[in-house]
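J.: Below, each chain spelled out in residue letters.
2 protein chains.
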Amino acid sequence: MKQLQDKITQEGLVLGNNVLKVDSFLNHQMDPALMQAIGQEFVRRYAGERITKVLTIESSGIAPGLMTALELNVPLIFARKQKSLTLREDIIVEKVYSFTKQETNEVTVSKRFLSADDRVLIIDDFLANGEAASGLARIVEQVGASVAGFGIVIEKSFQPGRQMLLDAGYRVESLARIASLSNEGVTFVDETAETTSEAVQQ
Amino acid sequence: MKQLQDKITQEGLVLGNNVLKVDSFLNHQMDPALMQAIGQEFVRRYAGERITKVLTIESSGIAPGLMTALELNVPLIFARKQKSLTLREDIIVEKVYSFTKQETNEVTVSKRFLSADDRVLIIDDFLANGEAASGLARIVEQVGASVAGFGIVIEKSFQPGRQMLLDAGYRVESLARIASLSNEGVTFVDETAETTSEAVQQ
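Quick mapping for you: the protein sequence lines, in order, are chains A and B.
Its first residue numbered 1, the first sequence is counted upward by one per residue in the UniProt record's numbering.
Its first residue numbered 1, the second sequence is counted upward by one per residue in the UniProt record's numbering.
The following block holds chain A by itself, in its conformation from the complex:
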């Protein structure tokens, strides 16, 4: 998605070889018009998938998730993150490890809002190691609902998350795919060059 790549190039701050700071338009301050365009692009890519719910995780997934849900005219659910939790019968829980924060969180969704006939699009701001993404998929599958796929705003393609999700049979649509981060800036995956091998993989 060119509009997003341009924004990353203009405003993204590269810290080391691993961290891309995008808090001027995605993670802390948000550009609402860009969020709307992101939601529209996810809906275009998942057209015909008969999605009944959008699922994301607090906090930075809420904005792109909401815009996607608005465009699809379906509810958005945001999973909550907590350090530890008293077990309760009315919630679905999965453990998710954060490499960034080096801690494990309990990620929860109320059972009232997901059912076996739901077809769920999972949205998140970043895909790196895929821990949060696969945790959300396990939540969906715990209730017997199906995952239509993932909609990722920024994918760090040099980390293993995307391949892990593809290997598990999921569809992954990432709007900006980053091949590498360095002092020279951000290099994006050349998607035209990749089309053939991807088509075979999927």
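Calculated directly from the structure, the hints in this document are not laboratory data.
From a predicted model like this one, the values you see are computed outputs, not experimental measurements.
Beta carbons: idealized from backbone N, C-alpha and C, even for Gly.
So the derived label-pair ranges between C-beta atoms look like this:
(1) B/R50 x A/K83: 40 to 46 Å
(2) A/I91 x B/Y97: 23 to 29 Å
(3) A/D190 x B/T9: 50 to 56 Å
(4) B/T9 x A/D90: 19 to 25 Å
(5) A/R50 x B/L15: 33 to 39 Å
If you want the footprint, here are the derived chain A segments under chain B, 3+ residues with CB under 8 Å:
(6) 26–35
(7) 56–64
(8) 76–82
(9) 106–116
Over 12 Å on every C-beta distance to chain B, these chain A residues come out as not near it, computed from the model:
(10) L4
(11) R138
(12) S180
Fit chain B to the given chain A structure using the hints.
T.: For chain B alone, coordinates are given in the frame of chain A:
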């Protein structure tokens, strides 16, 4: 706002005399069309106020905040909540006590996203004791920016937050004002009856 009051009446769960659970459309699962209508209503009420930024707090303020910012075509900033914090020069910090969770959080906004010439509309999902709301106002005022007012989705009018903000000279626009919660359900403030005294107060 009738559409919101109807939703609260239909789907809100009253727990005791103090707690209104609205996690089917505002706090966990979200109704995007209702969020959009809420954003449009805030913008209607604050028309002509020349707002340059919308400020809210994670997580449940993000959806109504984003829809308001989209309608105004200005950035949304969401303040982050943390238990404790290493002091850093690039952030604005205020302590906010949560009566619900009985804990004090550090609420932070990056200095890069607020400046003295900003005119800020503060959005939140709930107003009860006014702790979060006044913490956000202090953040705005720390950098010399001005608070255009507060846009609250649900106000518990039987708790002191609204009056505290009015006494401090702020404008408060709440889309649903709850007079009381009981086993019989939700009673809303009769705003037609209140207009005169409010007009005098403001």
